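Knowing the structure of chain P, use the given hints to seat chain W on it.
Those protein sequences? They're chains P and W, same order as listed. Counting in this note's numbering, the first sequence runs from 3 upward without gaps. Counting in this note's numbering, the second sequence runs from 1254 upward without gaps.
These are calculated hints, taken from the structure and not from any lab test. There could be a bad hint or two in this list.
Claimed, not checked - Computed from the model, here is a short list of chain P residues facing chain W with C-beta under 7 Å:
| # | residue |
| --- | --- |
| 1 | Gln346 |
| 2 | Ala348 |
| 3 | Ile350 |
| 4 | Gly355 |
| 5 | Asp358 |
| 6 | Val359 |
| 7 | Leu360 |
| 8 | Ile361 |
| 9 | His365 |
| 10 | Asn366 |
Said to hold, decoys possible - Here are the computed lysine-lysine pairs in the BS3-like style, where the Cα-Cα straight-line distance is at most 30 Å:
| # | chain 1 | residue 1 | chain 2 | residue 2 |
| --- | --- | --- | --- | --- |
| 11 | W | Lys1415 | P | Lys312 |
| 12 | P | Lys263 | W | Lys1493 |
| 13 | P | Lys182 | W | Lys1493 |
| 14 | W | Lys1415 | P | Lys369 |
| 15 | W | Lys1302 | P | Lys284 |
| 16 | W | Lys1454 | P | Lys312 |
| 17 | W | Lys1341 | P | Lys312 |
| 18 | P | Lys284 | W | Lys1455 |
A quick note: this is a predicted structure, and the numbers were derived from the prediction, not measured. A virtual CB, placed ideally from N, CA and C, is assigned to each residue, including glycine.
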Amino acid sequence: MTATGIEDIIMLHDEQHISASGAVTASDEGIPIRKKKEVLCGMYNQLTPALVERIRSVSDHVFAGTDINPDYARDEMPVYGTKMPDLAVQPRSTEEVAAIMKICYENNIPVTPRGMGTGLVGGAVPLYGGVLMDLSKMNRILSYDLENFVVNIEAGVLLADLAADCLSRGMMYPPDPGEKFACVGANVATNAGGMRAVKYGTTRDYVRAMTVVLPSGEITRMGATVSKTSSGYSLMNLMIGSEGTLGIITELTLKIIPAPKASASLIIPFRDLRTALATVPKFRMNHMDPQAIEFMERQIVTLSERYVGKAVFPQELGGEPINAYLLLTLDGRSTEEVDRQIDQAADIALEAGAMDVLIADTHNRIKDAWAARSSFLEAIMEETKLLDECDVVVPVNKIADYLEFVNEQGRKCGLEIKTFGHAGDGNLHIYQCSNDLDEAEFKKRVDAFFDIIYREATACGGLVSGEHGIGSGKIRYLVDSVGETNMELMRGIKKVFDPKMILNPGKVCCQL
Amino acid sequence: MNICVCIKQVPDTAEIRIDPVTHTLIRAGVPSIVNPFDTYALEAAVRLKEKLGGRVVIISMGPPQAAEAIRSCLAVGADEGYLISGRKFGGSDTLATSYILSEAIKAVEKRENLRFDLIVAGKQAVDGDTAQVAPEIAEHLHLPQVTYALDIVEQNGELRIKRDCDSGYDILSVPLPAVVTVVRLPYEPRYPSIGPWRESKKRTIPVLSEADLETIDLSRCGLSGSPTKVKKSYTPVRDKHGTIFSKVPAEQAAEKVASMLSEAGII
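Extracted from the complex, chain W is given alone in its bound form:
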């Protein structure tokens, strides 16, 4: 099974601190890591490869320093990695990014001389938190998709996927090729072992720019291809106010909540 893992390099949110005066994020000196959900996607992919054979290829869009994130994936079982980086790609929103990545996936298939049976990614990146890019890739490529996967098992040429949902989980069957996004899996991503870690440090990461993506429509890339316009960004005020009705019966509490919401014009 040939698997494409889409990853994003993000700031290590565990080390991000808030400036106590300006209330903005202090990014200086904050190390970059692979988006944690993507590390689960990679681990799931490597486990499938170990069982079924095939190749695991990383694709990541970002600035040149994102090559480091790809390199760290090569240390834990990925076979190859491509950095998608170009001047025309700057300022892309999720729609443009997913379009560029879908074009990159086609270009990589050609270069690697294979077809991906599975495209997998984390459910969302911890910096943007949109959870839109991977589902949009599926749409661009006209592939079936399953989001919030807890586990991926191959069965007779199809995938059986345990999907996380509010009431428990669903078991879904998906034909291949498909796009899947994963949540935190029941197993942890492996730690790099010294051999592959050393090899990964020596690897050159091929970079694909707009010139390398043959069929790409540049009007759909970058700022011009991005319908999202950010009007303003601000740090939300922490508001811990709340009313708890613990000493009244549930029905009465529900009525009170409903009337409060209606007074506030929310419902």
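Looking at chain P on its own, in the form it has when it is part of the complex:
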């Protein structure tokens, strides 16, 4: 197996091995097989009517044939391929998930776990058919333990529902990924980050414990309601970000914090993006700790406000055009404390070259200021026929140079590029859009563009994905970025959890 031959990366069944020449052989027959995809498809069994009956005997929520929701064939980035499952289930309990999983394990049926299908890298697409496990009906908030600051939930609870429920108890679940109608279990499976990561960290920092159904159908509990652990390998942390390839997360114990008593957002307009971005580290240097720091350029704000139907970002100031904005959120224990932060942040921004500082200090104003930011993706989708995306993360001091590079490469590759991102943590969302290219030509140009910009991201110290994950769409860039040694470790881990390779095949570290 060569390091560069992506097609050669394959996980093998126990009975198979890779020969020294790189050929994959099935040891039973000893025949070299080079068409790997066929090997793996051959590895899986088709669902028979008898197996469907067995699954129906353990689950009341089974869908076959035309009853299967066509959305199950795709996520929000169909450019990475679509595929209908042969059967869909909507389990209501961990035991039900385990029983279905066990049947599939015994019979070599691939299983793809899915939340709300809001992913952007093809992670929930059942590439090999089999069973689609929709976990969104396991959506109960089970209990709060406010002495230990945790909430227990089922994995299918929506982020929006969890956030609102916590707030109604004066608590906050800090992770705040842009898509509020995704399942929290899926947030954990991709280690989703979001707007507040700059102050509060990503989803990983809020997972205390989880219940997992392993590919074999065994149920296991990982982690505990404790703040420290030095208790062997952290299997729970392997599960976080594993994108449904190691096990199915069914229940979660999540850390929550007392909600800040007051908050305000600042819209800070700048003449250019570089000045805006150069302002970001200055907040930190002055001991400020904003909850969120987002950057955005005028073009995408205008696009999004048109979509939202409400315009609150100024376009110009005293006749001078505004070209970039920072959007900050500050929080604290009282209105007075937040007012002091507003004062200080404004001084820092104005000294760094901001044109003005606008203050959103009521619930509605904060909501309106963030409405445009939260709708960038939907606004782009609305006005774009062909779309692809990358969410690289680079060191914060490299954002401006990197974006300049990206825009220049976009021009060279003949692609329309739209960018926005988290200025506080270096996570960038870079969209390639087209309304006039045919799909083949678009994909060709995007491939060429990705090769260049992912290489540059790695070269400047970044990584392939900040929060969207690898799925099936970004595997080759992950290989280029982390190298063969690390990929081999990942494949080894996959094999320990899922020796039969039946859980979400074709994702993260094993391209089929």
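Frame of chain P; chain W shown alone:
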């Protein structure tokens, strides 16, 4: 053009929650804001001032903490603001409130040494929802009024107003001075910019009490001046029952609805 904007401080209804046990509003810890419709009235006033010159003066009746709401208006283009607050004003219904405000408007005109060409407010406050106070101010002051304005444009010393109505909108012409109430406008109220925001924090808000309103008749203020008597207040039961006739022709559906209403004694 000199404009008086009447505002009310209200609880931020976006943050009000209902107690799941008692079914009453949980007001504790709920921040106060300027009534959202009034923020549109202020934005319309500031836009007129920017075009035509003049002053924008805020008048608000309420407890001492309502000064904060006035201060936030000073951060988005108002020039001055008066808080109308007095012991004798407590317990006023809409009739008494509108009377006190009309007296306050006269007193402020005297203090500011100007005449208001326009008195503008939101169509209603989101807490009381009566939509009565501004129209009553017009009656007390014997001024023409237009409610539900979608847009206000000055033209040759008159106002041209686009008024929202069920079938679309009307365009009305109103002589000045006049009272106008606005709905949600096609543009959003501006966000405070840091300079005016900082200045507004330093401003002292003058308070006018019954002693400062020279011509006021105190028997028309407070509880004694309020014909409205609240007998009982309760949370309405949510009743989502309904019958939808979708599979029958419209005429037959209409007949069925009519007979049901008549059976129920409603018509």
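Hint check: W/Lys1302 vs P/Lys284, CA-CA at most 30 Å. Holds or violated?
violated, 38 Å
Chain W contact restraint for P/Val359 - C-beta distance below 7 Å:
Since chain W brings a Cβ to about 4 Å from P/Val359, closer than 7 Å, the hint holds.
Given hint P/Lys312 paired with W/Lys1415 - CA-CA distance at most 30 Å
holds, 20 Å
Go through the hint on P/His365 and say holds or violated, using the shortest Cβ distance to chain W against 7 Å.
holds, 5 Å
With chain W as the partner, please determine if P/Asn366 meets the hint condition of a C-beta pair closer than 7 Å.
Holds. Min distance 6 Å.
May I ask you to test the interface hint for P/Leu360 with respect to chain W, counting a Cβ-Cβ separation under 7 Å as satisfied?
Because about 4 Å separates P/Leu360 from the closest Cβ in chain W, which is inside the 7 Å limit, the hint holds.
Straight-line Cα separation of W/Lys1415 and P/Lys369 no greater than 30 Å?
holds, 28 Å
Decide if the proposed pair is consistent with the structure: P/Lys284 and W/Lys1455, CA atoms, cutoff 30 Å inclusive.
holds, 27 Å
Would the hint on P/Gln346 be counted as holding, given a Cβ-Cβ threshold of 7 Å to chain W?
With a closest approach of 11 Å, the P/Gln346 hint is violated.
Checking one constraint from the list: CA of W/Lys1341 to CA of P/Lys312, max 30 Å. Satisfied?
Outside the cut-off at roughly 42 Å; violated.
Report holds or violated for the interface hint on P/Ile350, using the least CB-CB distance to chain W and a cut-off of 7 Å.
violated, 11 Å
Classify the hint on P/Ile361 as holds or violated, based on whether any CB of chain W lies nearer than 7 Å to its CB.
holds, 5 Å
Hint compliance for this structure: hints 1, 3, 4, 12, 15, 17 are not met, and every other hint is.
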